[in-house]
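S.K.: Residue numbers (my numbering), protein chains in the order written: chain A, 60 to 418; chain B, 60 to 418.
Since the hints were derived computationally from the structure, they do not count as laboratory data.
Each hint should be verified, as a subset may be incorrect.
One copy or two, it doesn't matter: identical chains are merged, so the pair holds either way.
Keeping only pairs whose Cα atoms sit at most 20 Å apart, straight-line, the calculated SDA-like set for lysine to any residue is [to be verified]: (1) Lys260 with Ala176; (2) Lys138 with Asp75; (3) Lys260 with Leu140; (4) Lys237 with Phe127; (5) Lys325 with Ala122; (6) Lys112 with Asn318; (7) Lys291 with Lys354; (8) Lys235 with Ser218; (9) Lys157 with His398; (10) Lys263 with Arg397; (11) Lys260 with Ile411; (12) Lys362 with Asp175; (13) Lys235 with Arg219; (14) Lys260 with Asp210; (15) Lys325 with Lys373; (16) Lys359 with Ile379; (17) Lys264 with Arg89; (18) Lys62 with Lys138; (19) Lys157 with Glu347; (20) Lys263 with Gln330; (21) Lys157 with Tyr342; (22) Lys373 with Asp175; (23) Lys138 with Asp259; (24) Lys260 with Asp197; (25) Lys373 with Arg158.
2 protein chains.
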Amino acid sequence: MEKLDPKQRLERLGEDLIRLIQEGQNPHIRIPVRGSSNVIWDQSAGLLHLGDKMSKRYFINVAHARKFMQTLLVASFAKQLLDEGIHTSLREAYYSLKRTLPNSKENTFEEQSESDAAFVDLEVTIDLIRDQLHINADRRGTAAGNVIIEDRGDEIDWSRLGSGGWSIPGNVEDIKFKEIDADYILVVEKNATFDRLHEDKFWKKHNCILIGTQGQAARGIRRLIHRLNREKGMPVYVFTDSDPYGWYIYSVIKIGSMNLAHASAKLGTPQAKFLGLTVSDIYNYGLEDAIIRAKDVDLKRAKEIMKYPWFQHKEWEKEIKLMLKNKVKAEQEALAKRHLRFVSETYLPEKIENRSFLP
Amino acid sequence: MEKLDPKQRLERLGEDLIRLIQEGQNPHIRIPVRGSSNVIWDQSAGLLHLGDKMSKRYFINVAHARKFMQTLLVASFAKQLLDEGIHTSLREAYYSLKRTLPNSKENTFEEQSESDAAFVDLEVTIDLIRDQLHINADRRGTAAGNVIIEDRGDEIDWSRLGSGGWSIPGNVEDIKFKEIDADYILVVEKNATFDRLHEDKFWKKHNCILIGTQGQAARGIRRLIHRLNREKGMPVYVFTDSDPYGWYIYSVIKIGSMNLAHASAKLGTPQAKFLGLTVSDIYNYGLEDAIIRAKDVDLKRAKEIMKYPWFQHKEWEKEIKLMLKNKVKAEQEALAKRHLRFVSETYLPEKIENRSFLP
Numbered sequence: 060m061e062k063l064d065p066k067q068r069l070e071r072l073g074e075d076l077i078r079l080i081q082e083g084q085n086p087h088i089r090i091p092v093r094g095s096s097n098v099i100w101d102q103s104a105g106l107l108h109l110g111d112k113m114s115k116r117y118f119i120n121v122a123h124a125r126k127f128m129q130t131l132l133v134a135s136f137a138k139q140l141l142d143e144g145i146h147t148s149l150r151e152a153y154y155s156l157k158r159t160l161p162n163s164k165e166n167t168f169e170e171q172s173e174s175d176a177a178f179v180d181l182e183v184t185i186d187l188i189r190d191q192l193h194i195n196a197d198r199r200g201t202a203a204g205n206v207i208i209e210d211r212g213d214e215i216d217w218s219r220l221g222s223g224g225w226s227i228p229g230n231v232e233d234i235k236f237k238e239i240d241a242d243y244i245l246v247v248e249k250n251a252t253f254d255r256l257h258e259d260k261f262w263k264k265h266n267c268i269l270i271g272t273q274g275q276a277a278r279g280i281r282r283l284i285h286r287l288n289r290e291k292g293m294p295v296y297v298f299t300d301s302d303p304y305g306w307y308i309y310s311v312i313k314i315g316s317m318n319l320a321h322a323s324a325k326l327g328t329p330q331a332k333f334l335g336l337t338v339s340d341i342y343n344y345g346l347e348d349a350i351i352r353a354k355d356v357d358l359k360r361a362k363e364i365m366k367y368p369w370f371q372h373k374e375w376e377k378e379i380k381l382m383l384k385n386k387v388k389a390e391q392e393a394l395a396k397r398h399l400r401f402v403s404e405t406y407l408p409e410k411i412e413n414r415s416f417l418p
Numbered sequence: 060m061e062k063l064d065p066k067q068r069l070e071r072l073g074e075d076l077i078r079l080i081q082e083g084q085n086p087h088i089r090i091p092v093r094g095s096s097n098v099i100w101d102q103s104a105g106l107l108h109l110g111d112k113m114s115k116r117y118f119i120n121v122a123h124a125r126k127f128m129q130t131l132l133v134a135s136f137a138k139q140l141l142d143e144g145i146h147t148s149l150r151e152a153y154y155s156l157k158r159t160l161p162n163s164k165e166n167t168f169e170e171q172s173e174s175d176a177a178f179v180d181l182e183v184t185i186d187l188i189r190d191q192l193h194i195n196a197d198r199r200g201t202a203a204g205n206v207i208i209e210d211r212g213d214e215i216d217w218s219r220l221g222s223g224g225w226s227i228p229g230n231v232e233d234i235k236f237k238e239i240d241a242d243y244i245l246v247v248e249k250n251a252t253f254d255r256l257h258e259d260k261f262w263k264k265h266n267c268i269l270i271g272t273q274g275q276a277a278r279g280i281r282r283l284i285h286r287l288n289r290e291k292g293m294p295v296y297v298f299t300d301s302d303p304y305g306w307y308i309y310s311v312i313k314i315g316s317m318n319l320a321h322a323s324a325k326l327g328t329p330q331a332k333f334l335g336l337t338v339s340d341i342y343n344y345g346l347e348d349a350i351i352r353a354k355d356v357d358l359k360r361a362k363e364i365m366k367y368p369w370f371q372h373k374e375w376e377k378e379i380k381l382m383l384k385n386k387v388k389a390e391q392e393a394l395a396k397r398h399l400r401f402v403s404e405t406y407l408p409e410k411i412e413n414r415s416f417l418p
């Protein structure tokens, strides 16, 4: 499939089925297994991905027929989107495709969860991400920096967007990077911290690209970071709260997630580094007064994270153990304890100058 | 206070206290009461606002002293922000201001809820919104359309931002509208619908400004809509899901909210109209197959909303009763049932052409 574009992959899927029918065989689709039993941690690539377990979905099989029909419905729908050059969301796709089959009481889909699953089956079957099939993820996040992109015929200069910034869409497949004058990408969890750094023109003074995720990084943001890293060699530093949720945000940007293991190769950025806020930072930067007491749920989550293969580094072990021992966490905003511009004038420049990152 | 700028208002607050001290009086601040007992529905203005009940907060009074101290701490902090030309968030302000008073075990603030409340007390006392004191709200939302603004020295053309759009900041006080070529503002609840209209260049074909709120409209969005309506006379049409939550989103944009009644005059847009999705639209546009069954909580909320004075219009009564009778609701995305571009090619043009709005 390597060299086929999305439309060709959909056509290949259809042609293969026609061939089976013409040969008098039971039409079927080979679909990689998506359950956790087939998710593999690929240490050399630094990514989660799907293993090679495959399942077959047959048309003439009472247990398969409904899902077979659903898979072909979403494939046909995706083909239409590509033909018409139109994008849509999973929710709209569900409404578009939900109907009662003629002369029956059978609905194509009962719930959106069914059409969502059918799209993921299609993604893994033809080995691409649904963004490439014009199914957009929800939009979230903001970008600023010395970057000029081309998108839908517009040239957009991320350094000239005032206090706002560029609103990152859910689908960044068609964006072209025209000019980049930056040494790295700084990914920031909290909007308040993004706003602080943006007002202080941190991206200008330190020649970087600033990306605000507003919590967990949305799919469009992860794909954007991936593309800037892969296509333009941009180093990526992730700056979150000092808590297990922040570590998780980082790990999803870096190695992908179990749920979307099939998409990690296109969404993950294995070269990303964790800048902070580390647990040690709380003590190194005199933030003891701004500590939040860790709850049981935090400690439980920290213990789980410590066991993940991708957190098996002595630096992470030390940090997580320090958190468990002192039962503390802290937010990015805690740096305001020192003074409001401490984060942009002292903390970040020092961490980056000293390359004080976790792997 | 009418003609005083924010810094002068803060100085006036301090000078009044110094005068009281010099006169040998117990220093105090007059603060409008904020509870629901003092929230008034102003029918002629079409806004919620605070009534004229006042409270006095004394320095020498064991029940008042702590809050008195907190009010002055946030006033002094706001003065510094204005002096330094720096903005921040409520969370960072809390971290900045939280400390143990010298020679005591008394903290300035125990929880952020205390500093948040102190900022609101300050807002109502000097009759401005905290945005004017450089305390930013969380950022959310996206704008597109034939609008050129000036912000932090940049000229930003909302019509040239590709599939992204302009990321609306939490504070829009300093934005200048340079050029506007649009007939109205279309405010859209769902990102997916915003993306649909944006891809179809709805704002270009129908000469409007498109604002996506991503759910409940954030403060920055509401202030932006207010300013475009007030300063530029832009009509505002709000397009949400057909459910009580959508109606509430609309009412907050229009008349304000109980919690922020003191800020309604600066955040609300009484001239806003509700475009849809109405309950009647479900039937008028053949969306019966895309109905969602209303839950008990929806019906309960609908009955509450029907009693609000600002929903006392026969058109609203008819809509809410239809919802209660048929126990139905529907999402904006349900319009995709007809076809993906039905919303941009048929539904919205018809509704706007016929001025089929609810008050």
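S.K.: Take the hints in turn and mark each one as holding or not.
M.R.: How the hints compare with the structure:
| no. | hint | result |
| --- | --- | --- |
| 1 | Lys260 with Ala176 | neither (43 Å within a copy, 30 Å between copies) |
| 2 | Lys138 with Asp75 | within (16 Å within a copy, 71 Å between copies) |
| 3 | Lys260 with Leu140 | between (40 Å within a copy, 17 Å between copies) |
| 4 | Lys237 with Phe127 | neither (42 Å within a copy, 55 Å between copies) |
| 5 | Lys325 with Ala122 | neither (32 Å within a copy, 60 Å between copies) |
| 6 | Lys112 with Asn318 | within (16 Å within a copy, 55 Å between copies) |
| 7 | Lys291 with Lys354 | neither (41 Å within a copy, 50 Å between copies) |
| 8 | Lys235 with Ser218 | both (16 Å within a copy, 18 Å between copies) |
| 9 | Lys157 with His398 | between (55 Å within a copy, 12 Å between copies) |
| 10 | Lys263 with Arg397 | neither (23 Å within a copy, 48 Å between copies) |
| 11 | Lys260 with Ile411 | within (16 Å within a copy, 42 Å between copies) |
| 12 | Lys362 with Asp175 | neither (32 Å within a copy, 34 Å between copies) |
| 13 | Lys235 with Arg219 | both (18 Å within a copy, 15 Å between copies) |
| 14 | Lys260 with Asp210 | between (24 Å within a copy, 14 Å between copies) |
| 15 | Lys325 with Lys373 | neither (28 Å within a copy, 53 Å between copies) |
| 16 | Lys359 with Ile379 | within (11 Å within a copy, 46 Å between copies) |
| 17 | Lys264 with Arg89 | neither (52 Å within a copy, 44 Å between copies) |
| 18 | Lys62 with Lys138 | within (18 Å within a copy, 62 Å between copies) |
| 19 | Lys157 with Glu347 | between (55 Å within a copy, 12 Å between copies) |
| 20 | Lys263 with Gln330 | neither (23 Å within a copy, 41 Å between copies) |
| 21 | Lys157 with Tyr342 | between (56 Å within a copy, 18 Å between copies) |
| 22 | Lys373 with Asp175 | neither (39 Å within a copy, 41 Å between copies) |
| 23 | Lys138 with Asp259 | between (46 Å within a copy, 19 Å between copies) |
| 24 | Lys260 with Asp197 | between (28 Å within a copy, 19 Å between copies) |
| 25 | Lys373 with Arg158 | neither (55 Å within a copy, 35 Å between copies) |
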